[in-house]
Amino acid sequence: MARLYFEDFVVGHVAEYGDKLVTPEEIKEFASEFDPQPMHLDEEAAKKTMVGGLCASGWHTCCMMMRIVADGYLLNSSSMGAPGVDEIRWLAPVRPGDRLRVRTTILDLREPKSRPDFGFVRTKFEVLNTTGDVVMHSTTNMMMGRRTPRPVQA
Amino acid sequence: MKYFEDIKTGTRVELGSHTFEAEEIKRFARKYDPQVFHVDEEAAAKSHFGKLVASGWHTAAVGMRLTVDGTRRVNENQKTEIMKTGPSPGLRDLRWIKPVYVGDTISYATEIVELREVSRPGWGLMVTKVSGTNQHGELVYSAQGAVFVARRPQ
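Protein chains in written order, with the working numbering: chain L, 1 to 154; chain Z, 1 to 154.
Some hints here could point you the wrong way.
[Unchecked claim] Chain L side only, calculated, beta carbon under 8 Å to chain Z, not exhaustive:
| no. | residue |
| --- | --- |
| 1 | F34 |
| 2 | P38 |
| 3 | M80 |
These are calculated hints, taken from the structure and not from any lab test.
Think of the CB as a built atom: it goes at the ideal place given N, C-alpha and C, for glycine as much as any other residue.
In isolation and in its complexed conformation, chain L is listed as follows (with noise of 0.2 Å):
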């Protein structure tokens, strides 16, 4: 596969990518590392949470999605990483057990006018685990290298 540019990316180009299991051990080793609450922790604990049962750290969901696409396409990119996230929302619980896969699509692509050398490449992440539903969205602007400089107007 040809390495990605900012130049091949398309607005409105909808992918998917990966087919993480989620086991209970990750989900408690990123916890005990991260995010040491109850929910994340232990099963019988969880039962009594608002949560109603052992899941994934929110942010454990935004590291699986990051190497779910790392695998996908960046590590085969000019990815000079993302400033930020505009918005993270988490609607489901992501469980022991769940399959999760990634759905991109491109919003907009943007280049700075001091830089020519990357582009942002604003990005919608969907997750979604076995039944299809989406467990978590984010919207960020990734920072792409440019395959040629974009010539400057003199």
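Once you have looked at the hints, place chain Z on chain L.
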């Protein structure tokens, strides 16, 4: 016990700091965000970052950990639960303002910026802004998150 009715906007809590060491940056990135500038010093030196940087998700996840720890510390000091929180529906305006380099010490703080009535009985929504500042006093990270907080029982 504090309830949604007891908390006030403008309240700011210092959450403590974390130093990002190379091994930890790479360990996180190998699992969740294996872009070259997060996993490989030599490749990172050739990237636009110029040296190894922490994944933005790593910076955010550490902020979550310090938030959980900070809340627990306040609870222990007061010998009472400060507030009962539920899950978070999401966040917005997550900004990775400057890179977090190897050896950087990031100090995190959180501030209550908005309290919102919601339709879910027994709960209110608290919006907080978390921020991270490096050892040079530069803001490197900020995000606005929302979390459900229990109301005073009727």
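Item checked: Evaluation of the interface hint that places F34 (chain L) against chain Z, nearest CB under 8 Å -> holds (4 Å)
Check: Any CB of chain Z closer than 8 Å to the CB of P38 (chain L)?
Finding: violated (11 Å)
Item checked: Proposed interface contact between M80 (chain L) and chain Z, which counts if any beta carbon pair is under 8 Å -> holds (5 Å)
In terms of the numbered hints stated before, the structure departs from hint 2 and from no other.
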